[in-house]
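**Q** These protein sequence lines map, in sequence, to chains A and B.
Going by the numbering used here, the first sequence wraps up at 283, each residue one higher than the last.
Going by the numbering used here, the second sequence wraps up at 1257, each residue one higher than the last.
Hints are computed from structural coordinates only; laboratory data are not their basis.
No residue lacks a Cβ here, since even glycine has one placed at the ideal position from N, Cα and C.
Incorrect hints may have been included.
What the hints assert, rightly or not - Derived DEER-like restraints, expressed as beta-carbon distance ranges:
(1) B:V1078 / A:L223: 18 to 26 Å
(2) B:V1078 / A:K263: 13 to 21 Å
(3) A:N57 / B:G1131: 46 to 54 Å
What the hints assert, rightly or not - Beyond 12 Å from chain A on every Cβ pair, some chain B residues (computed):
(4) A1010
(5) G1044
(6) G1068
(7) D1086
(8) E1108
(9) S1134
(10) R1152
(11) D1164
(12) D1181
(13) F1192
(14) P1212
Here's the letter readout for the chains.
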Amino acid sequence: MEILKYEFMRHALAAGLLTSIICGIMGTLVVVNRIVFLSGGIAHAAYGGIGMAFYFNWPVIPSTMGFSLGASLVMAAVTLNNRQRADTVIGVIWAVGMAFGIILVDLTPGYNVDLMSYLFGSILSVPGSDLMIMGLIGALILFLVVFFYKELMAISYDEEFAGLRGLPVRGIYFSLIAMLGLTVVMVIQVVGLIMVIALLTIPPFMMEKYARSLGTMMAGSSLLGVCFTMAGLYLSYRFDLTSGAAIIMVAGTVFLVTLGCEKIWDFRPRTKTVHQHAGELND
Amino acid sequence: MDFSYNGEDAVLSDINLTIREYDFMAVIGPNGGGKSTLIRLILGLLKPDKGRIRVLGERPGKLTQALGYVPQNVHTNVDFPITALDVVLMGCLGTGGPFGQSRRTRKECEKDGLATLEHLGMTKHARKKIGELSGGQRQRVFVARSLMTRPRLLLLDEPTAGIDSGGRRDFLNLLQTLNKDVAIVVVTHDLFAVSGYVKSVACVNHRLHYHPQEELEGQTLEAMYNCTVEDVCRVQVLAQGLPGAGLKRSGDADGNP
C-alpha cells in the first residue's frame, strides 16, 4: 500500500474512519428522528463560526464548535414544542448563520485561500492536532450514545410514552441536538459543510430497512460510511479529484443503484402472483 | 373539572367521573368531543383549568406506573428499526433511578416481557420488526408494553381503529381477560362493537354523562345496542337539561381505579 507512505494520507484515513463511524451513529438518530433538515441547518449555520474564527483570528475548530453548539441549541429550543412549523425558523437560522460567516470573511483583511476547504472539505490536509480534537469529540459522542442508548431509543420511538415514564425528554432532546452540533464540526473537516447531510443520512437510510434495532442500524451505517469514505479517498487520490465530492459521489451512486435493485426486487413477486392468478383463471 | 386548550373555548366542562376498581368503561362521543383529552388529563399530559384529578389519591403524573397507556397512534413510525420485544421492554423505562434507568436488570425485564407477550399470544412475533406485524398484533405489543409496570388502570385510545371485525373481537376478548386484574378505560367510536364487553359507559361531548353498570343492565344496554354514538350522546345532552338527571355534583373528577 504505497498510498499509506504519506503522512497526510494516514491522517486522511484516520479522519475518514472516525467521521464515518460517528456519522453512522448520529446519522441513525437523525434519520429515525426525522431531523435531516435541522442537521443541514446546523451545518450551514456553523459557517458563522468559521467566519468568526477568521475575523477575530481564533482557532477554527473551537470557534466553529462554539457557534455550531449555540445554533443547535437555539434550533432545539425552537423545534421542541412546534415540530410542524419549525422548518421555517430552521431555514432562517441556516441562511443567517451562513450570511454572517460570509460577511465576517469579507471584512477580514487579506485573501483567504482555504475558505473553499470548509465548504467542500479538506480531508487531505487534516493536521494531527485537529485529529486529536476529532478523536475526543468522537469518544464523547460514542460514550453518550452507549450510556443513554435506551433513553435515546425511547424518545426517538415514542416521545410521549418516554415522557409518561418520567424520562427527561427535553433534556435528552437538547443533548441529542448538541451532539449533532459537535458531529457537524467533525464532518466539516472531511466533506465540508455543504455535503454534511449526505454522509449523515445516506448510510443510515440504506440500513433502516434491514436493521432490527437502532444498534445494528448504527453499526451497519458506520460500516457503509467507512466503505464509502475509503473508496472515495482512493478515487480522489488516484484521479486527483476533490476528496469530499468523491466520497459523496461514491455514496450517492451506491445508494441509487441499491434503490433501483430494491425496486426491481420488490416488483418481482408481484408479477409472479399475477401470472399464478392468470394461470388459475385459464384453468 | 374544566379544561380548555387556549383558555377560551372549553373542551370539557363540569366533568365528574370516578373510575372504579376492575371497571371496564367505554368512553364514547363524537369527534372533537374531548374523549382523548379526558384520557390525557388523567395521564397528567394536560392540566385541568379548574377542579382536581386524583389517581389513587395522588396527582396525575405522580404514580406513572399505576397507569398503563396504549396510544392512538400505534400505526405511525412503522419503519423504525425495533423489534416487538424491544418495544415491550420500553415499558421497563423510568421505573427508578435519577436518569430514568430501569431498576430491574435487563434480564429480568426481558423475561417479564416475553412472559407478557406469551400471555397475549404473541410469543412467535417477539423478535419480528414492529413494521412486519399487522395492526392487531402491533396493538397487542403496545398493550404488553403498558402492562410491564403492572398497572391498576389501563387506558386505551381507539384501540380497535383499523382492525378488521374478527381481530377486533379477539382483541376485546383479550381485554376482557385482562380486566380480571386491571381496570380498563377504552375510548371508542364503535359502541356497537364494545357493547357486549363493557361494564359502564361514559359519554363525552364537552360534558360527560356516566352510565354505571347497574344502569346498563337490562333495558338500557339493549336500547343502546342499536344506537349510534351520536344517538346516545343526544340522550345525554337532554338528560343534562332535566333537573335531577345526568350530572351529579360538578367540580371534582376522581380517577380512582
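**Q** Now tell me, hint by hint, if it's right for this structure.
**A** A quick look at each hint next to the structure:
no. : hint                         : in the structure
1   : B:V1078 / A:L223: 18 to 26 Å : holds (25 Å)
2   : B:V1078 / A:K263: 13 to 21 Å : holds (19 Å)
3   : A:N57 / B:G1131: 46 to 54 Å  : holds (52 Å)
4   : A1010                        : holds (23 Å)
5   : G1044                        : violated (8 Å)
6   : G1068                        : violated (10 Å)
7   : D1086                        : violated (6 Å)
8   : E1108                        : holds (15 Å)
9   : S1134                        : holds (18 Å)
10  : R1152                        : holds (15 Å)
11  : D1164                        : holds (22 Å)
12  : D1181                        : holds (20 Å)
13  : F1192                        : holds (29 Å)
14  : P1212                        : holds (28 Å)
Violation of the numbered hints given earlier is confined to hints 5, 6 and 7; the remaining hints are satisfied by the structure.
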